[in-house]
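Novice: The listed protein sequences derive, respectively, from chains A and B. Position one of the first sequence corresponds to residue 1 (the working numbering), numbered consecutively onward. Position one of the second sequence corresponds to residue 1001 (the working numbering), numbered consecutively onward.
Any given hint could be a false lead.
[As the list claims (entries may be wrong)] Within a straight-line C-alpha distance of at most 20 Å, the following computed DMTMM-like cross-link-like pairs (lysine to aspartate or glutamate) qualify:
1) A:K112 with A:E3
2) B:K1009 with A:D39
3) A:K100 with B:D1038
[To be verified] With the Cβ distance kept under 7 Å, some of the chain B side facing chain A (calculated, not the full set):
4) D1026
5) G1042
6) P1061
7) Y1064
8) G1109
9) L1112
10) V1114
Derived from the structure by calculation, the hints contain no laboratory data. Just so you know, even glycine gets a beta-carbon here, dropped at the ideal spot from N, CA and C.
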Amino acid sequence: RKEVEQDPGPFNVPEGATVAFNCTYSNSASQSFFWYRQDCRKEPKLLMSVYSSGNEDGRFTAQLNRASQYISLLIRDSKLSDSATYLCVVNIYGSSNTGKLIFGQGTTLQVKP
Amino acid sequence: NAGVTQTPKFRILKIGQSMTLQCTQDMNHNYMYWYRQDPGMGLKLIYYSVGAGITDKGEVPNGYNVSRSTTEDFPLRLELAAPSQTSVYFCASSQQGAANTGELFFGEGSRLTVL
């Protein structure tokens, strides 16, 4: 079983739609969680952290369910510019406490006019 | 601001050749990382460094070597290139360890093909 699993998609949605991605992780010792965005042939960039109580940043909402070991990302009112691959990232504290970021394979979103 | 700079951006190697991917950052970050990303896959950690003179293996270190003689530079060396090393390589840095913030600053990537 992969440590971090995502549905690769692609998710094809019209502009203005609401879309949600889920991500599951296998290690219950996972400490912190993030969503990164990666545009085609570009480097990943941090989109947002995911907090236990859930958090929102504009049109983006991230939620964490520790009991079921999954995190989600909700995008409201999708824009063409939201088209990208969204990487679920989980941090596991290592013995040296530098942590270890585990990246999912990403979910691709295509927003159509 | 330059951030994290990687060179070269593209390279084609023959099997058995060696090369070094250069990475430098101007943000005075202590932590630096090398990842590889295969098509349709997530990033895999090759090596990381928590400061000058200190390096450690990640998930997929075989076939690679690194050094960290300065805070700014973290080169990745491939000694005997193999087709399995065809990938996109990303160098990244962070102010604190990934454990604390999760925010890594990535370079633009180096696309390597081994034929």
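Novice: Are the hints correct? Go through all of them and say.
Specialist: Hint-by-hint comparison with the structure:
1. A:K112 with A:E3: Roughly 32 Å between the alpha carbons, so the hint for A:K112 and A:E3 is violated.
2. B:K1009 with A:D39: Distance ~17 Å between B:K1009 and A:D39 Cα, so the pair holds.
3. A:K100 with B:D1038: Within the cut-off at roughly 19 Å; holds.
4. D1026: This interface hint is violated because 16 Å lies over the 7 Å limit.
5. G1042: Hint on B:G1042: holds, closest Cβ of chain A at ~4 Å, below 7 Å.
6. P1061: At 13 Å from the nearest chain A Cβ, B:P1061 fails the 7 Å test, so the hint is violated.
7. Y1064: Violated. Min distance 17 Å.
8. G1109: holds, 6 Å
9. L1112: violated, 14 Å
10. V1114: Status violated, d = 19 Å.
In this structure, the hints that do not hold are numbers 1, 4, 6, 7, 9 and 10, in rising order.
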